[in-house]
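**Student:** Now for the letters of each chain:
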Amino acid sequence: MTAALRYILRRVFLLLVTMLLVSLLTYLAFELVSGDPARTMLGTEATEEQVQALRHEMRLDRPFTERYFRWLGGFFSGDLGISYSYRQPVWGLISGKLELTLLLSLISFVLITVISIPLGVFSYRFTGTFAGWPRTVLNQLCMALPPFFTGILVSWGFGIVLKVFTPGDFPGLRNDFSGSLRHLFFGAVCLSIPRIAMTVRMMRATVISEMNKAYVRTAISRGNDRAAVLTRHVLKNSLVSVVTFLGQTLAELVGAGIVVEQVLGIPGLGRFLVTSISHRDYPVVSAIVVILAFWVVLAGTAADLISQGIDPRLRLSTGRRRIGGAA
Amino acid sequence: MKKTILALTLVLALLLAGCGGAPAATPAPSATPAPSAAPSEAPAGNAAETAPEADEATAAASPRAAANEISIGIAQDFDSLDPDYMTAAGTKEVLFNVFEGLVKPNSDGDIVPAVASEVVKSEDGLNYMFTLRDGVKFHNGDPVEMEDVLYSVERRWKGEDTAAQLAALSVIDSLSADGNVLTITLSEPSNEFLAAVMNAYILPADYDKQETSPVGTGPYRFVSRTVQDSLVLERFPDYWGTPGRLDKVTFKILESADGLVLGLQSGALDLVAHLSSDQTVQLDQDEFNIAEGSMNLVQALYLNNAEKPFDDVRVRQALCWAVDKQAVIDLAFDGYGIPLGTSMFPSFSKYYDESLTDYYTPDPEKAKALLAEAGYPDGFEMTITVPSNYTPHVNTATVLVELLREVGVKATVQPVDWGTWLEEVYSNRKFQSTVTGLTSDNLTARKLLERFGTEVSNNFTNYSNEEYDEILAKALRTADDAEQTELYRQLERNLTENAANVYLQDMADLVAVRKGLDGLTFYPLYVLDVSTLGWTA
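Residue numbers (my numbering), protein chains in the order written: chain A, 1 to 327; chain B, 1001 to 1537.
Relax, there's no trap hidden among the hints.
Below, a sample of chain A positions facing chain B; criterion: calculated Cβ distance under 10 Å:
hint: 1; residue: 48
hint: 2; residue: 83
hint: 3; residue: 87
hint: 4; residue: 151
hint: 5; residue: 271
Just so you know, these hints were derived from the structure itself, not from any lab. Idealized CB from N, CA, C, for every residue including glycine.
All chains should be modelled from the sequences, with the hints used to inform the complete structure.
**Tutor:** As structure tokens, then:
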């Protein structure tokens, strides 16, 4: 068995275990919190008899293990179940939202990567100079900006004043693709600002610490140009930790989009998750959570593979050292 | 001076609370009361009109004006569209335009014929004869037949699906059809029967796709729905009554309070109901009219009467003396709202006893004296459990904490999510106190008063008063309207005198309407009638 194959198998195994654990935890969590889906559905005026009848119909009167394994069985045969509150198949409800959330996350991710890596290196140049001072303040400010606030600012600025997009009126990918992309782009801007700030800071710190290392001193003392050393050696070495961080960011973005989705009116997965939790709509919540878990592991794997591409040392100890590290 | 400091503290507290970034929702109680009333005793809807006049057809009018359509923002998603499973008040509010019963409510709170053209009640009150209206069509084009009517009423009365049954229809003894006349025989006379019939929507017999494409007989028909995004309705051209004015109505779901305001400002939305005063002040007065109605609910600090120290009437009265309702309205609602003193609001003018509102005037000294008498000279600690998604209730609780501090009561606010509130507070009654609004999608006073009877299953406050139970039993037994009204008024007084709860207000319903749009009609029910809305030419 080759190293690559072993690596893939290991990853797939990790993926399965993670999803299984996450789904079990979701079921357990609902078991522990108060709130009965049947009662939530029927509202304040339902009689006890009606609540019990609905509980029976929804199989909520069955033991926990039976419900969980039934769900698991359904999941592996491609049946995500029926939503409690909408009384429709779960997959039909979430598929359209999944693509929006993924698109939103990917646009944010591209923005973060394209902007923060050059900016991080650039900001290293100002270290210790007077110009570095406003940069630090700006960076701190951006990191502290909560997305709901940037969401309001961006909606107001670009939506109401400049009218580049219409907050609250998401056109839908099928109806107006470019309009939808524009809408998502502004959502992605709100989402990426604090993360760009974080990545820049991290990039800069790594570059500084690399620049102080012996090999850089040696390279420069051998007459190499400082800038050339930076791009040829330092950057490459710094990227490893940044890529790991970006992998985490990619995983986080899906969840972080909730507030932006709400403020800008993007019908994504995050909003749906929040609503479904408060409705105690277990089938929907379980499905979304498992999809998110899948996404997180996938992002970790991608980061891992890229890191290995950049740094051959990691390749030698495949799997053993890095596994799960990025997830 | 002291008041100013108090006010400042509260404003600060509210600001901080607002920063929590919780997905704010306008108060759309997920309650589902089944309305009930006889046509004769309908409350005069004093909130029934208030249509914002469109002074000019502004140039800034919505782009949708030309297409004769509008877009309405709502703060929560719809639940099931199947009328049998529709429980969220926000869903019923909108689907009111799609479904109709044999009878339906009008904006004055009267019950008027709908799918039936005439309703005759027998002398003894046991038989109701409904004559089917000629030419009523379902949205799918089929005519409404007696078979459909029997099917529709029967399933809500004693259908196999228990969850879909309407408790208020259980007084039915039998149904019989003769030509186009449906006779419903009751086992005992009931003043609330017609209102229950109102909620048994007429649906095509054996049509099983209500969930995904609902079919009714109302002025608007269903076009499409995207979960957590939007619902589209269009005018039903074959409607039997006054047709709707707009061709198409889109409901957009935006849970975030800021999102709704941004949607109005950006032109994405033309109308949003149930706004808070701080949302409306952000809107440009040249672009929007703000119509003020009332929510028709009783907002109160509901006390668990079985729990110490609220099992002592003196403690409850002390809280009533301590709480300045107007201060709550001013500080948490910018002055919008009607103070209440009992479990009844002004829309039910016949039953509403205004003199009870000022039964307790703010008097901290009296409150302290009563507390000392009850054995709490130094006050006590209490918890106010609130559903966190209803910002107005959370804000109210925050103000109450400050007001109660003045008499030495240390209250803390415990926000819980709606599901937990429903389970712990409402069903299991495991709470000390809570702020919520009890609704009345009910055209009689019954739902508001019946729930305080000792043995009643939804008496979540555990109020127990012998005199109250006696009057209540008498009131429910009598078929005489005048007598029943008098008994209901006695019940209200009983609740106030025994300080069952700290009654606060009937919350204002602020609706932002884009200029150029008129015909907004308030009902004494939680419904949004889009058929009267239209753009002025």
